[in-house]
Amino acid sequence: MVDLEALEAEARMSLAEAGDETALDEWRVAWLGRRGRLTAVLRGVRDLPAEERPRVGAGANRLKSALEDAVAAHRAKLHASAEDAESIDVSLPGRTPPLGSLHPVTLTRRHLERTFRDMGFDVVEGPDVELEEYNFDRLRIPAGHPARDMWDTIWVADDAGDNGGPRQLLRTHTSPMQIRYLEQRQPPIRVIVPGTCYRYEATDATHEWMLTQIEGLVIDENLSFAHLKGTLEAFVRRMFGADIETRFRCDYFPFVEPGAELGVRWQGDWLEVLGCGMVHPEIIEDAGLDPDRYTGFAFGMGVERVAMLRYGVRDIRHFYRNDVRFLRQFEGRR
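Read in our numbering, the sequence shown has 315 at position 315, and its numbers run on one by one without any break.
In case anyone wonders, no lab produced these hints; they're calculated from the structure. Computed from a predicted model, the values in this text were never measured in an experiment. Hints should not be assumed to be uniformly reliable.
What the hints assert, rightly or not - Simulated DEER-style distance windows between Cβ atoms:
(1) D152 - D251: 37 to 47 Å
(2) A80 - R328: 41 to 51 Å
(3) G165 - G94: 51 to 61 Å
(4) P127 - P291: 35 to 45 Å
(5) A50 - A80: 43 to 53 Å
Glycine included, every Cβ here is placed at the ideal spot set by N, Cα and C.
Could you build all of it, start to finish, from the sequences and the hints given here?
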């Protein structure tokens, strides 16, 4: 005699234990498949006594329908649980992605630019790939001049001997923009030129083959070294504080006369901050101006050197090693 109630209880208990789609499919095959236990009961109805067939057949079909409904409901429950596990709670606060920060050299360059703008300077930029004419010749550094040894040059195109074209190089300083700007503008001129420079030289704690420089140029009537001195001392006080001690010492640059270097007393030592001088009369005359009427001064500084002083960095190479531990120290700085 077939006990359909016991069979149903066993089937439902087994169904409740199916925790995923795979187990649910295995249950369906075991109970409702072609070789399933309930299917076997239905096939065996014909072998029962005649008086038992109607009761068992009707009960088995009812049980099959009930179990099919139960397995469909259980499958829907599994789907709902999976969707709940993957759902997004839109009321939760968002996750802030990690943000980078400006590089310390960029921070220093922008600070320098703001300082000079406040002092009445315009900011212009020149090309990184420069002509030999502007980088050397028109700055009173012709071929064979010993001063060329001050700048170890990276040449881009050296084809003067092949087709007579100009020789090109990665600029070794931002001073060529002095000549380019004088070609385009008339005095009074008060401008700075920030930019990247390149030199073919070994690196150490204070030298890099690539550096950021800011060039300054002022041209007007009746300017003297006193104007240069006053301008640069005002700049240094704005950068390093009103109590900073400064000194000027003689130096040589082919495109200025006289030339000097400006140093500051920093942690007990004198440190050079920039080179400067009065623009050479030949530079002014070459620009089509009267050197008896117009005079001027120029200066140039390495931004990395200023950044080292500003942040207390002892090795210039840290700026370009892309060490996140080093760079994270400057988050939130201005």
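Tested hints:
1. Hint check: D152 to D251, Cβ distance near 19 Å, so the stated range 37 to 47 Å is violated.
2. Between A80 and R328 the beta carbon distance is about 45 Å. The supplied range of 41 to 51 Å therefore holds.
3. For G165 and G94, the Cβ-Cβ distance of about 57 Å falls inside the hinted range of 51 to 61 Å, so the restraint holds.
4. For P127 paired with P291, a C-beta distance near 27 Å fails the hint of 35 to 45 Å.
5. One distance hint, 43 to 53 Å for the beta-carbon pair A50 and A80, holds here, with the actual separation near 46 Å.
Comparing the model with each earlier hint shows violations of hints 1, 4; every other hint is respected.
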